[in-house]
Amino acid sequence: MPVAPQPLGRRERNKQAKLERITAAASELFAERGVDDVTTQQIADAADIGTGTLFLYAKTKGELLLLVQNAHYSAALERGRAAAADAPTVLDGVMALVEQIAECNRVQVDNGRTYLREMVFGDPSEPHHAEALAIVARTEEAVADLLTSRAQVPAAQAATLAHVVSAILFVELGASPNAGASIPELLESIRTQVAAILPR
1 MPVAPQPLGR
11 RERNKQAKLE
21 RITAAASELF
31 AERGVDDVTT
41 QQIADAADIG
51 TGTLFLYAKT
61 KGELLLLVQN
71 AHYSAALERG
81 RAAAADAPTV
91 LDGVMALVEQ
101 IAECNRVQVD
111 NGRTYLREMV
121 FGDPSEPHHA
131 EALAIVARTE
141 EAVADLLTSR
151 AQVPAAQAAT
161 LAHVVSAILF
171 VELGASPNAG
181 ASIPELLESI
191 RTQVAAILPR
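Residue numbers in the sequence shown follow our numbering, run continuously in steps of one, and reach 200 at the last position.
If you're looking for bench data, these hints aren't it; they were derived computationally from the structure. Treat the hints with care, as some may be off.
[Claimed, not checked] Think about it this way: if two alpha-carbon atoms lie no more than 27 Å apart in a straight line, the pair counts; the simulated DSS-like pairs of lysine-lysine are: (1) Lys15 <-> Lys61; (2) Lys59 <-> Lys18; (3) Lys61 <-> Lys18; (4) Lys59 <-> Lys15.
Whenever a hint applies, use it, and build me the whole structure from the sequences.
As structure tokens, this is what we get:
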């Protein structure tokens with residue numbers, strides 16, 4: 001017989017409530033002004049906590065951005081998985097997945113580019129950074145699953161191709177010359193590159 005989960009104690013509830021306030025404050029401020037124009041003091045004030053408390057949850061502004069964006073990226077990945085399931089071809093399936101992530105990344109261009117930079121160059125021992133890398137891994141698994149199930153690509157080759165798709169996505173979304181590119185322009189470029197690597 002399954003055991004019912006134990007309710008959180010007061011301390012855990014308080015920690016969860018603070019984390020939710022921090023996430024909401026950072027999300028709103030980053031969306032309004034961009035990560036570069038927001039200070040940790042402003043986030044702490046908006047969350048109604050001290051900066052010392054803030055740093056218990058995220059040690060840097062980059063970690064705060066990862067905290068905020070990870071939730072958005074996880075949701076985008078799930079939307080992408082659902083869209084890919086209905087796509088007529090393997091390429092369309094990969095692009096359905098990629099499109100949701102690209103749109104999530106471009107909600108605020110500078111935040112999206114900073115998020116990718118933090119993901120690549122941030123401290124992997126930080127929990128929000130580790131979570132971001134886990135989202136990348138899940139995205140690559142979703143691409144690999146499409147390749148194995150739809151195109152019968154062997155698992156090892158599918159994993160390698162999924163990693164290449166991930167690299168294409170990172171470069172297209174993170175490259176400085178693409179900062180002003182529209183989502184359709186980015187997706188067209190990504191589609192051309194992905195089509196070139198997929199098995200015929």
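(request) Return the numbers of the hints above that this structure violates; sort them in rising order. (result) No hint contradicted; all consistent.
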